[in-house]
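As you go down the protein sequences, you meet chains D and A in turn.
Residues in the first sequence are numbered consecutively from 5, following the working numbering.
Residues in the second sequence are numbered consecutively from 11, following the working numbering.
Treat each hint with caution, since some may be false.
Unchecked claim - Sample of chain A residues lacking proximity to chain D, with all beta carbon distances greater than 12 Å (derived):
hint	residue
1	Arg20
2	Asp49
3	Ile98
4	Leu116
5	Leu128
6	Leu174
7	Gly187
8	Thr195
9	Arg196
10	Leu199
11	Asn201
12	Leu229
13	Ile257
14	Leu265
15	Leu281
Claimed, not checked - Some chain A residues judged to face chain D by a derived CB distance under 7 Å, without partners named:
hint	residue
16	Gly119
17	Ile120
18	Leu268
Calculated directly from the structure, the hints in this document are not laboratory data.
All C-beta atoms in this analysis are idealised placements derived from N, C-alpha and C, irrespective of residue type, glycine included.
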Amino acid sequence: MSYVVQRLLTFPLILLGVSILVFVAIRLVPGDAITAMLGTEAGLLTPVQREALAAYFGIDQPIWAQYLRWLTGLFQGDLGISSIYGKPVLSVILERFPLTLQLSLMSMVIALSIGVPLGVLAASRNERPSDLVVRVLAMLGQSTPNFVVGILIIYVLSVFFGFVPAMGTFTPLFADPLASIAQLIFPAITLGFAFAASVTRISRSAMLDVLSDDYVRTARSKGATPMSVIWHHALPNALIPVVTLSGVEFGYLLGGAVIVEQIFALPGLGRLVLDAITQRDYALVQGTVLFIAFNFLVVNLLVDLAYVALDPRIRIGRR
Amino acid sequence: MGKMLSSLFRHPSGRIGLVIIGFYLLAAILGTLGLTPHDPLKLFAIDRLKAPSGTYWFGTDLLGRDAFSRLMVGIRQSMLIAFASVAIATIAGTIIGLLSAWWGGLWDGIFMRVMDVLLAFPAILLALLIIAIVGPGTMTSVAAIAIVYTPIFARVVRGPALSLKQRDFVDAARTFGSSQGYVLTRHLLLNLVAPLAVQVTLALAWALLTEAGLSFLGLGTQPPTPSLGLMLAESRNLMTHAPWLMIFPAVTIMLGILGFNLTGDALRDILDPRTQRREA
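Given these sequences and hints, build the entire structure.
Put into C-alpha cells, the structure is as follows:
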C-alpha cells in the first residue's frame with residue numbers, strides 16, 4: 005500500500021477519534037451544563053424549566069445518543085448553539101477565523117523571508133563569524149517564548165515611541181487592507197520571531213547537507229559560480245525540510261495563537277477557545293477544538309502530500 | 011552518565027547549557043530550602059514598587075514582595091513541573107513505544123492511532139482542554155504537559171525499537187531463552203538511551219515554556235505561589251513604572267529554556283556523529 009493511500013485512509017479514522025476524545029473530554033467536566041450556563045440564576049429554575057432546557061440542548065439523553073446526534077449534526081455543518089453568544093457555534097467560529105488566518109499567513113511570510121536568507125547565508129559561511137552570529141541569534145530566538153517577545157514589543161513601543169497598538173477590535177482585510185495589516189503587524193512579528201529562528205536553523209542544516217552532496221560538487225567543478233550553485237542547485241533541494249517545518253508550524257498557528265491574541269487583545273480563534281473554556285460554553289469548546297484539530301490535520305496531510313511531491317524517493321517507497 | 015556529562019562539558023554550547031541549568035537547579039534547591047534573601051510571600055508594605063537595590067536585588071512588586079526571592083521560588087515551581095511532567099511522559103511514552111514495536115500487528119495499530127489522535131491537537135490546545143476538565147493548578151499543569159508529550163516519546167522510541175527488534179543480537183538473546191522482559195529492557199531500552207536523552211532535554215525546554223505560558227494565562231500555577239509566567243503577566247500593567255518587574259522574569263524564563271535547548275543540541279551532536287556540527 006502506498007504511503008499516500010495509507011495517509012488518506014487513516015485520516016477519517018483519526019478525525020473520528022478526535023471527535024470522540026473532544027466529546028468525552030467535555031462530558032468529564034464536573035458540574036452540569038445548565039448551572040454553568042446560567043450561573044446563580046440556575047437556582048431560580050423550576051424542575052420543569054430545567055428539564056425543558058436540558059431537552060432543548062439535548063443533554064437529557066444517554067451519552068452515546070448525544071454523541072451520535074452531535075456527529076450527524078457535524079456532517080450538516082451544525083456544531084450546536086453557543087451559550088455565550090446565543091448563536092450557532094459555526095458562525096461564531098467563522099467570524100473569528102479570518103483574523104487568525106491572516107495573522108498566521110503574515111507570521112509565516114515574516115518567518116520565511118527572514119529565516120531562509122539567514123539560513124542560506126550561515127550555511128554558505130559555515131564556521132565563519134557570520135555563521136556563528138546567525139546561529140547564536142537563532143538559538144536565542146528559539147528560546148524566547150512568544151509572550152515574552154510580545155510584552156517586550158509592547159514595552160518598547162509604548163515607552164520609546166509613545167505608541168500603543170490598536171486592540172480589542174479587528175479591521176477585516178477587505179474592509180481596509182492597510183489598516184488591517186498595520187493592526188496585525190506587531191502580533192505577526194511576535195509570532196514570527198521563534199518561527200523565523202526555527203526556519204533559520206533548519207534551512208542552515210538542510211543547506212549544509214545538500215552542499216556536501218555529489219551533484220553540488222559536480223556543479224562546482226563544471227565551473228558554476230558560487231552564487232549559482234547555492235541558489236540554483238542547492239536551495240531547491242534544501243527547501244524540502246523548510247516546507248515541512250513551515251507547514252506544521254502554520255497548522256499550529258491556525259489553531260489560534262492563544263497567548264499572543266490574549267496579549268494584543270485580538271478577537272481571534274485562540275481567544276475564542278480561551279473564553280469558551282473559562283466560561284464553560286460546552287458547545288463552543290467542542291466546536292472550536294474540533295475545528296482547530298481538523299485544520300491541523302488537513303494542513304499536516306497537505307504537508308505530507310507536498311513532501312511526497314517534492315521528494316520522489318518517498319513516492320517509490322524508499323527512504 | 012559521568013562520561014556523557016564530561017563530553018557535554020567539552021562541547022561549547024553544552025558547557026553554557028550545563029552552567030545555566032546548574033544555576034537554575036541551585037536556585038530551585040535554595041528556594042525549596044527557604045534560603046531566599048527575603049520571604050517570597052511577605053508584604054513589605056512601605057517598600058512597594060521599589061527599584062532594584064542592595065536590599066531588594068531585583069526590586070519589589072506592587073504588594074511590596076521581593077522579586078528576587080519570588081523568582082527563586084518561581085524557578086523551583088517551573089523546574090518541578092517540567093521535570094515531573096517530562097518524567098511521566100518519558101516513562102509512559104517509552105512503555106507504549108516499546109510494546110507497540112514488540113507486539114506489532116493489531117496492538118501496534120491501536121496504540122499508534124491513539125497517539126495520532128493526541129498529536130492531532132496543537133499542544134497548547136490539548137493542555138487547555140485538560141485544564142478545562144480538571145481545573146487549573148500545579149498537578150493539572152504536570153498532567154497536561156505529560157499527556158501532550160507522551161505520544162512524541164512513543165514515536166521516538168517505536169521507530170528505533172522496530173529496527174532493533176530485527177537485529178541479530180535480539181534474535182540471539184531470544185534463542186538463548188532470555189525472558190521477554192530481559193530482552194526488552196537490556197537489549198532494546200539500553201540502546202534507546204541516546205535518542206531518549208536528546209528528546210528528554212528538548213522536552214524539558216518545551217515544558218518550561220508551556221508552564222510559563224499556562225501560568226501567564228492564569229491557568230497554570232495559582233497565586234499566591236510565585237511562578238515565572240504569573241510574575242510576567244502581573245508586570246504588564248506596571249511596565250512603564252516598574253520595568254524591572256517585567257525584565258527579570260522575562261530573562262529568567264528565556265535563559266532557562268535556552269539552557270535546556272543548548273544542552274539538548276549539544277547532546278544530539280555528541281550522540282549522533284552524522285549530524286556533528288550541522289545543527290546550529
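Structure-based check of all given hints:
no.: 1; hint: Arg20; verdict: holds (17 Å)
no.: 2; hint: Asp49; verdict: holds (27 Å)
no.: 3; hint: Ile98; verdict: holds (19 Å)
no.: 4; hint: Leu116; verdict: holds (14 Å)
no.: 5; hint: Leu128; verdict: violated (8 Å)
no.: 6; hint: Leu174; verdict: holds (17 Å)
no.: 7; hint: Gly187; verdict: holds (35 Å)
no.: 8; hint: Thr195; verdict: holds (28 Å)
no.: 9; hint: Arg196; verdict: holds (28 Å)
no.: 10; hint: Leu199; verdict: holds (25 Å)
no.: 11; hint: Asn201; verdict: holds (20 Å)
no.: 12; hint: Leu229; verdict: violated (8 Å)
no.: 13; hint: Ile257; verdict: violated (9 Å)
no.: 14; hint: Leu265; verdict: violated (8 Å)
no.: 15; hint: Leu281; verdict: holds (16 Å)
no.: 16; hint: Gly119; verdict: violated (10 Å)
no.: 17; hint: Ile120; verdict: violated (11 Å)
no.: 18; hint: Leu268; verdict: holds (4 Å)
Consistency with the previously given hints fails for numbers 5, 12, 13, 14, 16 and 17, ordered from lowest to highest.
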